[in-house]
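> Here the protein sequences come in this chain order: X and G.
For the first sequence, our numbering begins at 1 and goes up steadily by one.
For the second sequence, our numbering begins at 1001 and goes up steadily by one.
To be clear, the hints were calculated from the coordinates, so they are not data collected in a lab.
Any given hint could be a false lead.
Simulated crosslink set (SDA-like; lysine to any residue; CA at most 25 Å straight-line) [what the hints assert, rightly or not]:
| no. | chain 1 | residue 1 | chain 2 | residue 2 |
| --- | --- | --- | --- | --- |
| 1 | G | K1102 | X | G172 |
| 2 | X | K78 | X | S204 |
| 3 | G | K1310 | X | A344 |
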Amino acid sequence: MNDWSFGPLADPLQYQHPLDVKGQDIAVLLHQLEMMLRIRMAERCLANAKRDGLIGGPVHLGVGQEAVAVGVAAELHKTDRVFGTHRSHAHLLSLGADLRSLFSEVLGRDTGLSRGMGGSMHLWDQPNGFYGSVPIVSGTVPLAVGAALAAKLQGKSDVGVAYFGDGAIEEGVVHESLNLARMLKAPVLFVVENNFFASHMHISLRQPKEATSRFAAANDIPYAIVDGNDVVQVHMAAAKLVAAARNGDGPGFLEAITYRWYGHVDWREDIDVGVNRSVNDLTSWRKRDPIARLVSGLHGTGLFDLERLKAMEDKITKEIETAWKLALSDPFPEPSVLTSRVYAEEGVSQ
Amino acid sequence: MISTRYSYGTAMLAAFEYLLDKYPDVFVIGQGLWSPWYVGNSMTNLEKKFGVHRVIDTPVSESACTGAAVGAALAGMKPIVVHPRMDFMLYAMDAIVNQAAKWSHMVGGQASPGLTIRSIINRGGEQGAQHSQALHAWFAHVPGLRVVMPATVADARDLLIASVLCTSPVIFIDDRWLYELEDNLPTIIERDLSLERPLCLTQGTDMTIVASGYSTLLALNATKELALQGIYAEVIDLRVLNPFYPELIVNSVSKTGRLLAIDGGWSTCGMAGEVIASVAERIPVGTLKKPPLRVTLPNAPAPTSVVLEKAYYPSTEFVVKIAITLLK
Chain X
1 MNDWSFGPLA DPLQYQHPLD VKGQDIAVLL HQLEMMLRIR MAERCLANAK RDGLIGGPVH
61 LGVGQEAVAV GVAAELHKTD RVFGTHRSHA HLLSLGADLR SLFSEVLGRD TGLSRGMGGS
121 MHLWDQPNGF YGSVPIVSGT VPLAVGAALA AKLQGKSDVG VAYFGDGAIE EGVVHESLNL
181 ARMLKAPVLF VVENNFFASH MHISLRQPKE ATSRFAAAND IPYAIVDGND VVQVHMAAAK
241 LVAAARNGDG PGFLEAITYR WYGHVDWRED IDVGVNRSVN DLTSWRKRDP IARLVSGLHG
301 TGLFDLERLK AMEDKITKEI ETAWKLALSD PFPEPSVLTS RVYAEEGVSQ
Chain G
1001 MISTRYSYGT AMLAAFEYLL DKYPDVFVIG QGLWSPWYVG NSMTNLEKKF GVHRVIDTPV
1061 SESACTGAAV GAALAGMKPI VVHPRMDFML YAMDAIVNQA AKWSHMVGGQ ASPGLTIRSI
1121 INRGGEQGAQ HSQALHAWFA HVPGLRVVMP ATVADARDLL IASVLCTSPV IFIDDRWLYE
1181 LEDNLPTIIE RDLSLERPLC LTQGTDMTIV ASGYSTLLAL NATKELALQG IYAEVIDLRV
1241 LNPFYPELIV NSVSKTGRLL AIDGGWSTCG MAGEVIASVA ERIPVGTLKK PPLRVTLPNA
1301 PAPTSVVLEK AYYPSTEFVV KIAITLLK
């Protein structure tokens, strides 16, 4: 890894094996599997609805990347401060967000997580630790540093989490944030979901090296580079870095190598809009499926079988159908909220 | 005279092709330039025709790309920076406001970064607060920037060319909601941007409506409706917001006695307010038959929810309704 290339981790034909779950808590793994399935099935539901014209605004899907959020979330508390991106359904759901409230938000309904004001790209669920996601690339990275700094000033052991992609590392503010977090010893975990693409552009056209962790090293921040489609590996790496942050050791940087199965936005696969995103690549990456690999790993223990998987899927299918149906019949916001929500309530003079 | 059919989008494409073909010191840099969805049909296949070394798709680095273009301009190039959404251009504010806008003045007029920053207002589609902003008034506030907002197919082509050939920094702001406009255009004639002024697009006696960019289309559409009711409005398209030349507007209001300013931005410290203030400063007391009015966005960020989005953007009907109150 000295040359900051991923080697076999960047080759989708590698790392397709079942997960090694030896020594892991099976109950935790089953919970993680269920969460990954919920995220994937919810996003499939959104993809279909977008395709069918039921959703107006842009929807950025992270199918294929579920293990990253779920592995990190396993180490988080409700009082932690998590910030996301334009592609944050998984970050949000992994913290326990309500499905119907997410669906309502995507549909612009008053009952949505952001009360219908934000849609898929502007999500909020602070009671579960999700402070917000926005579509301006890397816009929330310094916010996570600040929320982490606040935890430190407040004498709490909570951490900030900044999710971002390999594209965001190209924004100057990320570099300022890394340095600042390190100098202030802010308890923040930077999580890069390196899926090789910023919109349509492959990382080889944007950066001289694959590993964005080189910037963690430059800022003297402990980092880990992991197979982002292995929830066990993500979880173990996150556990170490989060524990250090909670312990007062300052920031950590987790780079998870993964791949999104859908294109940059909406339900299409984007094999025609850019460079280096071929049908072959996509097919190969689908075989490094974080869910199928965990299922295979669990299957090998003898404690899990396809029947239990089916039961899990059926349960989630029902959950999603119910949530979607309720969300579709939820009310739209009243037009008056256009101007009444601009300032905080105590600032309203009338 | 030979004329060619263009849309607002393909008119800009023609301008890019003309500039890249004729001027070897022109290059284009920005995000999404090799991708079909970010810039509509305004830049199709430019990288194939002119090479990826002159049509550069970039890392996600608005600040550095814009600053680099300022530097390249100082070193003799004619860069065009493209920000497919104005919202992302905010990362580049230092390069635009502190560097490009100030440079000529700071060095006694001896050097000037002649770059063009093309930025697209990309509203609608339930994209919400961070993907919809029209911040032209901010840039028009800053001395040293020329701010261009084409409202017609002709201006989309000819003002883009004039902007790139201009030796000052230019913010060229086009609007996604105009891309389908069509018109026949004559052969390209290079223009001097510093000589461009507002234009009167329709003659009328009852009121003056001033607008720019997409708001000009709104004004023209409303004017057609008003004419059916026997009300004749004079529509003035600002075209260049900074430097601002109000003479044509003042002359028109002196004749009509009524002024409606429409702007696609917000009201407070906005372009509509500037139009009204400029007229108020210059016309004799008693010329105005009614207090001037403005149509702008509500004082709120863009919402996503479809019902709120519909309420947020002024419609032709709304402009007609407001215009009629000027006559009551």
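> Honestly, which of those hints from before does the structure not fit?
2
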